[in-house]
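S.K.: Residue-level listing of the chains:
2 protein chains.
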Amino acid sequence: MKIRIHVSLKPGVLDPQGRAVHHALEGLGFEGVKDVRIGRIIELDVASDTSDERIDEMCRTLLANTVIENYRIEKGDE
Amino acid sequence: MKIRIHVSLKPGVLDPQGRAVHHALEGLGFEGVKDVRIGRIIELDVASDTSDERIDEMCRTLLANTVIENYRIEKGDE
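Protein sequences, first through last, are from chains A and B. Under my numbering, the first residue of the first sequence carries the number 63, and numbering increases by one thereafter. Under my numbering, the first residue of the second sequence carries the number 63, and numbering increases by one thereafter.
None of these hints come from the bench; they were simulated from the model. Here the structure is a predicted model, which means the values were calculated and not measured. Any given hint could be a false lead.
All copies of an identical chain are treated as equivalent in the list; a pair is satisfied when it fits inside any one copy or across any two copies.
[To be verified] Heads up, simulated DSS-like pairs for lysine-lysine below, C-alpha to C-alpha not over 25 Å straight-line:
1) 72 with 96
2) 137 with 64
3) 64 with 96
4) 72 with 137
5) 137 with 96
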């Protein structure tokens, strides 16, 4: 079973990586960029009997830092 | 205009970060995880007159390493 977890910084949390990319885009002459924020996608292939609670537990324990990050779990078999 | 760019490693390219996460999940007692791959999402807020070609150019120039990574551009205003 394929699970996709989207992890993004909470609104208001400073994103230095996004800022660096924003700056680099401007330096390369790309105009009109107002904001850049960077998150990550974790694609898991797990046993089909894995419960939603267990996946949520993985997120809270290891995959996301819930102090500064939000996560969203997306199930699918594409 | 909000643009979301999904960057993921091409199939077959070794993902050491995913491997480390996989190993850590197993160490924490999460069983049944078969594979972990990690990608990133770049959320751009760009001027509404930015052309698709320009966004594609940003990806090829800076945001993705097209030798080892695929990217997918998703437009939306959520």
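S.K.: Evaluate each hint against the coordinates.
M.R.: Consistency of the hints with the structure:
no.	hint	result
1	72 with 96	within (18 Å within a copy, 29 Å between copies)
2	137 with 64	both (6 Å within a copy, 24 Å between copies)
3	64 with 96	between (34 Å within a copy, 10 Å between copies)
4	72 with 137	both (22 Å within a copy, 21 Å between copies)
5	137 with 96	between (32 Å within a copy, 15 Å between copies)
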